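Trainee: Assemble chain G with the ligands onto chain Y, guided by the hints.
First to last, the sequence lines map onto chains Y and G.
Residues in the first sequence are numbered consecutively from 4, following the working numbering.
Residues in the second sequence are numbered consecutively from 6, following the working numbering.
Certain hints may be false.
[What the hints assert, rightly or not] Stretches of chain G that chain Y covers, calculated by requiring three or more beta carbons in the stretch to come under 8 Å of a beta carbon on chain Y:
#, segment
1, 73-82
2, 108-122
[What the hints assert, rightly or not] Stretch-level coverage of chain Y by chain G, calculated; a stretch enters the list once three of its residues show a Cβ under 8 Å from a Cβ in chain G:
#, segment
3, 5-13
4, 22-30
5, 91-101
[Unchecked claim] Simulated crosslink set (SDA-like; lysine to any residue; CA at most 25 Å straight-line):
#, chain 1, residue 1, chain 2, residue 2
6, Y, 251, G, 75
7, G, 12, G, 63
8, Y, 10, G, 100
9, Y, 251, G, 18
10, Y, 10, G, 160
11, Y, 251, G, 82
12, G, 126, Y, 17
13, G, 229, G, 305
14, Y, 10, G, 119
15, G, 126, Y, 22
16, Y, 251, G, 79
17, G, 79, Y, 250
18, G, 79, Y, 101
19, G, 116, Y, 9
20, G, 291, G, 305
Keep in mind the hints are simulated off the structure, nothing from the lab.
Here the structure is a predicted model, which is why all the values come from computation and not from measurement.
Where a beta carbon is used, it is the ideal one built from N, C-alpha and C, also for glycine.
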Amino acid sequence: MMLNEIKNVVTILELEARRLRHDYSDIIIRSVQPILWLVVFGSVFTNYRVIPTGEYSYLEFVAPGILGQSVLFVSIFFGLMLVWDRESGNLSKLLVSPTSRYTIVLGKSLSAGIRSIAQGAVVILLILLIGIRFRTSPLLVFLVFPAIVLIAAVSAGISIFFTSLLKTRERVMGIGQVLTMPLFFTSNALYPISMMPSWLQWIAHANPITYGIDILRSFMLTGDLSGIPLDLAVLGGYLLVLTLVNGKLLQRIME
Amino acid sequence: MSAISIKNVSKRYSNGVLAADGVSLEIASGEIFGLLGPNGAGKTTLLKLLTTLIFPTSGEIEVGGFKRPRYDHKIREIIGYVPQDISSDAALTGYENILISAKLHGIYGSKAVEVAENILKRIDLWEARNRIVRTYSGGMIRKLEIGQAMVHSPKILFLDEPTVGLDPSARKQVWAHIQKLHEEGITILMTTHYMEEADALCGRIAMMANGRIAVVDSPANLKKSVGQGCIVFKTAGKIPENIGVEDARVNGDSVTVYCCSPSEELPRYLRILENAGCSVSSVEIKETTLDDAFMKYVGRRMVEMEQWSATRRIRRVARRLE
Ligand SMILES: Nc1ncnc2c1ncn2[C@@H]1O[C@H](COP(=O)(O)OP(=O)(O)O)[C@@H](O)[C@H]1O
Ligand SMILES: [Mg+2]
Numbered sequence: 004m005m006l007n008e009i010k011n012v013v014t015i016l017e018l019e020a021r022r023l024r025h026d027y028s029d030i031i032i033r034s035v036q037p038i039l040w041l042v043v044f045g046s047v048f049t050n051y052r053v054i055p056t057g058e059y060s061y062l063e064f065v066a067p068g069i070l071g072q073s074v075l076f077v078s079i080f081f082g083l084m085l086v087w088d089r090e091s092g093n094l095s096k097l098l099v100s101p102t103s104r105y106t107i108v109l110g111k112s113l114s115a116g117i118r119s120i121a122q123g124a125v126v127i128l129l130i131l132l133i134g135i136r137f138r139t140s141p142l143l144v145f146l147v148f149p150a151i152v153l154i155a156a157v158s159a160g161i162s163i164f165f166t167s168l169l170k171t172r173e174r175v176m177g178i179g180q181v182l183t184m185p186l187f188f189t190s191n192a193l194y195p196i197s198m199m200p201s202w203l204q205w206i207a208h209a210n211p212i213t214y215g216i217d218i219l220r221s222f223m224l225t226g227d228l229s230g231i232p233l234d235l236a237v238l239g240g241y242l243l244v245l246t247l248v249n250g251k252l253l254q255r256i257m258e
Numbered sequence: 006m007s008a009i010s011i012k013n014v015s016k017r018y019s020n021g022v023l024a025a026d027g028v029s030l031e032i033a034s035g036e037i038f039g040l041l042g043p044n045g046a047g048k049t050t051l052l053k054l055l056t057t058l059i060f061p062t063s064g065e066i067e068v069g070g071f072k073r074p075r076y077d078h079k080i081r082e083i084i085g086y087v088p089q090d091i092s093s094d095a096a097l098t099g100y101e102n103i104l105i106s107a108k109l110h111g112i113y114g115s116k117a118v119e120v121a122e123n124i125l126k127r128i129d130l131w132e133a134r135n136r137i138v139r140t141y142s143g144g145m146i147r148k149l150e151i152g153q154a155m156v157h158s159p160k161i162l163f164l165d166e167p168t169v170g171l172d173p174s175a176r177k178q179v180w181a182h183i184q185k186l187h188e189e190g191i192t193i194l195m196t197t198h199y200m201e202e203a204d205a206l207c208g209r210i211a212m213m214a215n216g217r218i219a220v221v222d223s224p225a226n227l228k229k230s231v232g233q234g235c236i237v238f239k240t241a242g243k244i245p246e247n248i249g250v251e252d253a254r255v256n257g258d259s260v261t262v263y264c265c266s267p268s269e270e271l272p273r274y275l276r277i278l279e280n281a282g283c284s285v286s287s288v289e290i291k292e293t294t295l296d297d298a299f300m301k302y303v304g305r306r307m308v309e310m311e312q313w314s315a316t317r318r319i320r321r322v323a324r325r326l327e
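Chain Y extracted, bound-state conformation (with noise of 0.2 Å):
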């Protein structure tokens, strides 16, 4: 039963590797905007130094924090355009198959993450290319795939949490840019957490991001590990109540 239920996440999984290998002209449109924020944002900052990030530039600072906004944007989208037809064929013929509705929320949260990591991949290497080094040890920097995929299956979940909710299609069209830009600014990506006013620490220190971008700025960055624990544990914590939250929501869509 349990191992039906894996194989069936895996086979989810599979259609969107099939689909990304068909076509992944998405992945090169969304290059573009990371590029900005690098080269432009972030050379601004950097050369003024506005945002004390202690023995790092401000670049290297920001570098995992534009990773993980790509990363976010690429997944609200794709949880949006799941949901979003809820007349669609695609959505029915899967929920008419033997697979739970809790392994379908979860398979496609974490398909949203093997499209990330096409994404990810790609702005690690126009990290590079701008001339940002990581300065901790390749196993970790490697490390930043599966933690990749962990953020984005968590903002693939906020995103058809909240596109099941919503019933018209003009709704849903607005909802992308209503999710991504709070999530995105509420977070420590940009700017560190000790800098913000404390009425916003408290909504970065629920917002799942944050933990994501911890992560990454751990891995690429500082090499410091001691709060990967608890950034796991937020993250998973996330993702499993999502998970059980929109496997009940799915069924509901219908109606």
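Mentor: Then chain G with the ligands, alone, in the frame of chain Y:
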């Protein structure tokens, strides 16, 4: 044994629309059964209720002997479903689509490849198997979708408007394929708003409108129940007073004769008329259609209702744009 049993089922959507209104229906194993009705009649809703996609507001549903909602997981193992909207993944090849469907139904490895290859050959898509589905024609996509629904050899197959939007030759191909599945003993429940389709394929049909089933019977019986078709003879010259046919109606230069099977009785009537001194210049045969039966049981013509619902749809869109 009943393959499908529906008892007094109603479905009210959250927006208040009553899309199924006390529907009862028994479908036997091996039947090819059609739900015939205009857009908005509630056909898709009934299929979604049977395929475990939505829950009924009231009533009892059994599919393959399994009660809903308790045994939904069992039902999903024995049914295949082709939704009204395109359900194949347009970004994958035909082969990949079937392969993934097989895996989702617990068939893996070399067995999955074997199943996929067999099905591709059966649905005549072998040549096109490695093309991206986005490049397929409407008919090819429909056949692929039916193939995907067949990976686990389901006992019951649900087809929602299997030929909607297809050109006549593609439609014929899909019909032939459905017919073949029927001959293999699979129970098929399909919806359609094409009368010729219901007539050509289905052993029995249910006429639906406004969430209700008006009548259930074979197409032949339904047409018979309306009674007769007619033959219209156009004549050149005068029509004599007494032409020797009891039920004939004379109207200007035409004579209309009502009878049960017009094409078979035509020669006989033609002889009678000629003998009576009429010179017939042309003949028009009007067989009874399912639309006549629809008129009898629903009280409106399906074509009329279609137009009405189309108008309503356009209005709705217009309102939204305002
Ligand atoms: N998800 C839904 N939410 C609300 N109303 C719906 C939904 N799906 C269908 N309806 C309404 O229910 C009625 C029957 O629709 P449907 O079952 O799709 O009919 P058909 O398939 O015969 O065209 C229509 O009035 C339609 O607008
Ligand atoms: Mg329909």
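Trainee: To test your reading of the hints: which numbers does this structure violate?
Mentor: none
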